[in-house]
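A.B. asks: Residue numbers (the working numbering), protein chains in the order written: chain A, 1 to 326; chain B, 1 to 102; chain C, 1 to 498; chain D, 1 to 491.
Since the hints were made in silico from the structure, they are not lab data. Computed from a prediction, not measured in an experiment: that's the story for all the values here. One should not assume that every hint holds.
Not the full set, but computed from the structure, chain D residues with beta-carbon under 8 Å of chain A [said to hold, decoys possible]:
#1 I12
#2 F16
#3 L19
#4 F26
#5 L27
#6 L64
#7 G65
#8 G66
#9 P70
#10 L71
#11 Y188
#12 V285
#13 W286
#14 L289
#15 T295
#16 A425
Backbone N, C-alpha and C fix where the C-beta goes; we use that ideal spot for every residue, glycine too.
One-letter residues, chain by chain:
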Amino acid sequence: MDGAVNAAAWAFDALLVLTLLWLAWRVLMGPDLFKSIVFFIAFGLVMALAWVRLRAPDVALAEAAIGAGLTGALFLAALSRLAAGERIANAKRPVENSDTGKSTRPHRGVRMVFIAMSALFFGGLAAALLSLPAEAPGLTIQVAENLSTSGVSNPVTAVLLNFRGYDTLLEMGVLFLAVVAAWSLTPAPKEPVSPPGIVLASFVRVLSPMLLLAAGYLLWAGTHAPGGAFQAGSVLAAAAVLLLLSGKDMKANWPEWPLRVVLGLGLGVFIAIGLVMMLIGHRFLEYPLDYAGDLILLIEVAATLSIGVTLAALFLGGRPQRDERK
Amino acid sequence: MNAAMLYALTGAGLFALGLYALAVQAHLLRKIIAFNVMGSGAFLVLGALAHRAPDQVADPVPHAMVITGIVVAVSATAFALVLMLRVQSETGQPHLPEQPSD
Amino acid sequence: MSWNASLPLLVLASSLVPGLIIFCLPEEKQRTRTTLNLVGVLLKLALVTFMVWGVQQGEHYETRIPLLPGLDFVLRADALSMFFALLSAVLWLATTIYAIGYLEDSPHRSRFFGFFSLCVTATLGVALAGDMITFLLFYEMLTLATYPLVVHRGTEAALRAGNVYLAYTVTGGALLLAGMVWLHTLSGPLEFTANGFLAGLARDHAAALVAIFVLLIAGLGVKAALVPFHGWLPQAMVAPAPVSALLHAVAVVKAGAFGIIRVIHDVYGIELAAELALTGPLAGLAALTIIYGSLQALLQNDLKRRLAFSTVSQVSYVALGIAIAGPVATIGGIVHLVHQGLMKITLFFCAGNLAETLGIHKVTEMRGVGRRMPWTMAAFTLGAFGMIGVPPMAGFFSKWFLGSGGLDMGQPWVVAVLIVSSLLNAAYFLPVLRAVWFEDPPEAWPAERSFGRSETSLMLLLPTLSTAFSALAVGLLASMPLSPLQWASLVASLEYRP
Amino acid sequence: MGTLSPDSPWTIWVIFSPLAGAVFTFLWPRRARLAVPLVALGTVGSVACLVWQVAELGVQSHALGGWAAPLGINLYADGLSAMMLLTTALVGAAVTFYATEYFRRASETARYFWPLWLCLWTALNALFLSWDIFNLYVAFELLGLAAIALVALAGSADALTGAMRYLLVSLLGSLTYLLGVALFYSTYGTLDIGLLGDLTAPSAASWAATGLMVAGLLLKTALFPLHFWLPPAHAAAPTPVSAILSALVVKASFYLLLRLWLEVFPVTAAGLGHLLGLLGALAIVWGSLQALRQTRLKLLVAYSTVAQLGYLFLAFPLALSPVAATAWSASVFFILSHALAKAAMFLAAGNILRFAGHDRIAELGRAPYGVSLSWAAFGVAGISIIGLPPSVGFAAKWLQLEAALAGGQWWWTLPIVGGGLLATAYVFKIISCVFSQNGRTSGTNGISWRMEWTAFGLSLAALGIGFAAPQLLALLNSGTPLALHEVGSAP
């Protein structure tokens, strides 16, 4: 009986792994960029399945929402903007640059060398992996022992927001920086990414509130079950992206500064709480036992908002255009 | 060898595949996609190895690290895409020019 | 910091500070610049004189600042350093006045005098350096400060000469550095000590010490223009005349020669150097340089190039005197620092006067110039006689001591070298003198400028006459107390204390 | 609670002063000119206090969130961290001062300089203080993204392609590093540098991890032959950014390599050490020759960085001897020296570029007289780059030569000494322009005194700080970061 379950599990794992590799190959080497991106989204979803198999539901959620969903959307948006840019370039110089979209591959011999090097790399890495001792050292026990004083009951959330909260803080910094950096590069492209259709618009009208609800649930659930700020934030961003896709021109109506404030909110609240803890005599980011849960929730709410808006802003691909109109 | 190790090896394979694509693909969008595949591979190695002892409870620390890594990756990707579009609008093409030989 | 400890720093500051201020002065502030220059010169001269007096009274002047583990920045006054310091201070006075006259109305004077002051600061630093690392500091500073002077004119030729100059001197500095670090790893501190500080290492590290010696002498030999490291010196002749005077008589070649004295006396110690058989080859190299320089000088038609090769030859007298490794010859070598300085600076001033006043650059153009510029050519004659070694000029005493020192040490070949060299000196100077005084002047000079009743600008003439006179005086008064010769004897006696 | 007393955790303020500044300048760009000096002052002050703590009280550590390693993340400051922070603070303050003038004409891109630069400063400080290899990865990404965005700020095609290439290299380096982190964690079950140091032993996995991390970091440090991305990016960036990148950012990845080498990697990496030294020597020669060949001033300065980075790597073979601490100290001194001098050089070059309107070396003659102080800065910085006394570059070179000769590896003196000669050649290729009579008289754009004096001040600091070498050496050895793994020192 056990054997049969095991065999089935093995077969499933093997199938999953082969699918992953095949999808990756199609993503990387497929001739058509659009198809590659679609395959990439599929790849992300299968990857999420793999994370489920590895008993990492939090990661699976994050991978599905961010790794597959948002990254895929970013790729699609970039591809359509690339095409638009190429049309402009071709309009200017119709003859010489007609083949810019096609990627030029290096010579066969060079490719063989790269193949050999990648294979060598894989071989070495695989040998190192296989040489690892069977018993995995880790921090499972320490996390479990301290979970009760962390303020939350989901161990991953405890690690993310308490034990290794500083990592998460810097990661919020990276997100914040990504927006600043993207805004510094260019104003957001003016044309809507795709023309809104009636079906899409009504679909979005139904879906957006549900997504908001889902985000709220994920955020709340994160304290004791899979979920948390990043997953919730990305769902929030998904709602925003859908609204943008359906042609809601949010940037025109909104003044810029609330947007800036929300973008900085997560990081700001995180730093402020850390420093306040320090000023009242604790370590940086050390939450008093009684308030740990509340403080973490406060940080998560702020972070969720910021993450959602940040990811949506990144999807827009540049700074708000208000500045250019003046 | 168990299932977790299988996933870890797959992670290494994805990383190597991405590395190859990074080397041979000239289109910047493809290079950026390759980074994402490599990143997924690295995360898979990290997550799967923590799980390689059969009957252990999953170690949450690598999971947290992977989530952090995914968010960092999406930030870097988003920025890279904007930069790619700027390169295209300045130079007219989504490739890097040949390195001036030095 | 006590007075005695700060005095060496003040000596350096007396030219460094005016130099830095001069950099910031606008070009047209000529009077301020001249005042600053002269105040700096006189202040430095006063301070150095005071220190000379102090050293004679047994005062101890030392500045010490830690620099690296086991290594300090040390400025210290001893007999040898004050000897060189006083020479530099005095000749700087003459050169500064000369340069002010020479560069009247030429562009970039603030820049020129700024680097000029840095150059002298570096020379004084070389003189006062109490350990090798401090010596190296100022030795490199000297390189950097003289480069802008060499390329001052900014022509293609000047820039090329500057590159050659840098290539030689920086390589020399690098060799010196390598030698010093190696020495440091063997011996620890690198402070100059009378009779050297390496005696204890001779048994275990003899080979290393020889190699280090080669590195150090090669590094110093570049500036001292020892063959085969002399290539930069004739090239650097494109620089303005005061710079040439400075390079040849006061700063650069002297710093190299002075460094050789320091290495042999105060690093290795003359006994150890002789024991390791280092002095013999050095003496041979010096002798070779003496002959080679003289021969080359004979072949030059350009006056400044002829003088340059003469320098190559003459400076090696210093190295020769030290390398003979006997007390008498050492006196001859050390005193030649001063004697050659006075004579060679006179000759370069004269060359500058000829170029500035009449546009004469070539030896063949000098016919009959004695009638047009009698004072200048009188000074030139004194300098030339000194170089040949005619008594009672200063150069005679140098050669006398070198020769008798060589005989004392049982090395009669030295006398032969000196005789050949003197004959060659005579061969490249006497025909010039004959042409100057006894041939008829041409119809017109290449580019004549009028200076009223005087034969040339007084700012040019006075320094020339005073250095020529000094070259005569130090010879005539050689036996007076405090004459360079007596002072050199004192320095030598410290090294050869029984 | 005495939080601001001398024993308060200045490590925290060192990281969060600039980060708070970054958020503030993003939210209120119009107040940036007012806030930035305060932020810089706060950061430099915090660093000064931390350095004082390290010098007087020894190692400072702070368990973030109250969770000690291995569960939590420790901040850790010893002499090495203090030196890096100090270097960053010196250059950072100067560049901040310079940039207030450089970006005076508020353009749309200029207002993003401040949050980006302050993020970068945060990342640097975080990197120098973090004691956790995964946290270092996050800090590294922060650093890389900020640096790349700053390069792209120049907006030209050169800058954008340079930034893009930099981005690709940076991401590749980070991912390779991350894979190494994964291997270390799954072998030893901890991310803390100190704990890992006690655990690591030679094994296939730890060797693979070492290899991956070293490769990633070499790529980011631009060690020859992985330097190809550096000169275009550094040369095309806006002037203050060029200074920051060359002075600080490449040093950060070297610092990390050094730290991991000393603390984490299995100790017997002799072959790898010699390889790194060899590449360093080649970098010195190749970078210098390339610098000599350049016809543009900023590219010349950028290639000089490639060459100077080579010196840092000579420590790896030199430390395989009883005088390891000397060899490592030399590298840290090179970092300090090059940071100050190269920042000064880039700022000076930027002034000259802005004044003359171009940076073609052949046409720079006679341009100098409007910006003579910048030329002086270039020259004085050149003294440090060449390594002449009394600059701190000389101290570094002296220590390195000493390590080579005392450690019985005399052949390394050849690149050290030869590099100085080549450096003289390319520095004076520029300096000779001042004296040249060729070229056109050009230059109409006035350069404010602040921009000139910042460059000059930095170059003077590089020259004069050599006199503080004994104190710096004492600071560096606080907590003996360099003496932990002296191979072969004990019988």
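A.B. asks: Confirm or reject each hint.
C.D. replies: Hints and how they fare:
1. The interface hint given for D/I12 holds, since its Cβ lies 5 Å from the closest Cβ of chain A, which is under the 8 Å cut-off.
2. Below 8 Å, beta-carbon pairs count as interface contacts, and D/F16 has one with chain A at about 6 Å; its hint therefore holds.
3. Given hint, D/L19 at the interface with chain A, holds; its Cβ is 6 Å from that chain's nearest Cβ, closer than 8 Å.
4. At about 6 Å, the closest approach between the beta carbon of D/F26 and any beta carbon in chain A falls short of 8 Å, and the interface hint on this residue holds.
5. About 5 Å separates the beta-carbon of D/L27 from the nearest beta-carbon of chain A, less than 8 Å, and the hint is met.
6. Contact between D/L64 and chain A, as hinted, is supported at the beta carbon level, the nearest pair being about 4 Å apart and thus within 8 Å.
7. The beta carbon of D/G65 is positioned within 8 Å of a beta carbon in chain A (closest approach about 4 Å), and the interface hint is therefore held.
8. Checking D/G66 against chain A by beta carbon gives a least distance of about 3 Å; that is within 8 Å, so the hint holds.
9. Below 8 Å, beta-carbon pairs count as interface contacts, and D/P70 has one with chain A at about 6 Å; its hint therefore holds.
10. For D/L71, the interface hint holds, the least distance from its beta-carbon to any beta-carbon of chain A being 5 Å, beneath 8 Å.
11. Residue-level restraint check for D/Y188 holds (minimum Cβ-Cβ distance to chain A is 6 Å; threshold 8 Å).
12. The restraint placing D/V285 at the interface with chain A is violated, with a minimum CB-CB distance near 27 Å, outside the 8 Å limit.
13. Interface hint at D/W286: violated, since its Cβ lies 23 Å from the closest Cβ of chain A, which is beyond the 8 Å cut-off.
14. Hint on D/L289 is violated. Least Cβ distance to chain A is approximately 27 Å, over the 8 Å limit.
15. With a cut of 8 Å, the hint placing D/T295 at the interface with chain A is violated, because the nearest CB-to-CB distance is about 28 Å.
16. For D/A425, the interface hint is violated, since its Cβ never comes within 8 Å of a Cβ in chain A; the closest pair sits about 36 Å apart.
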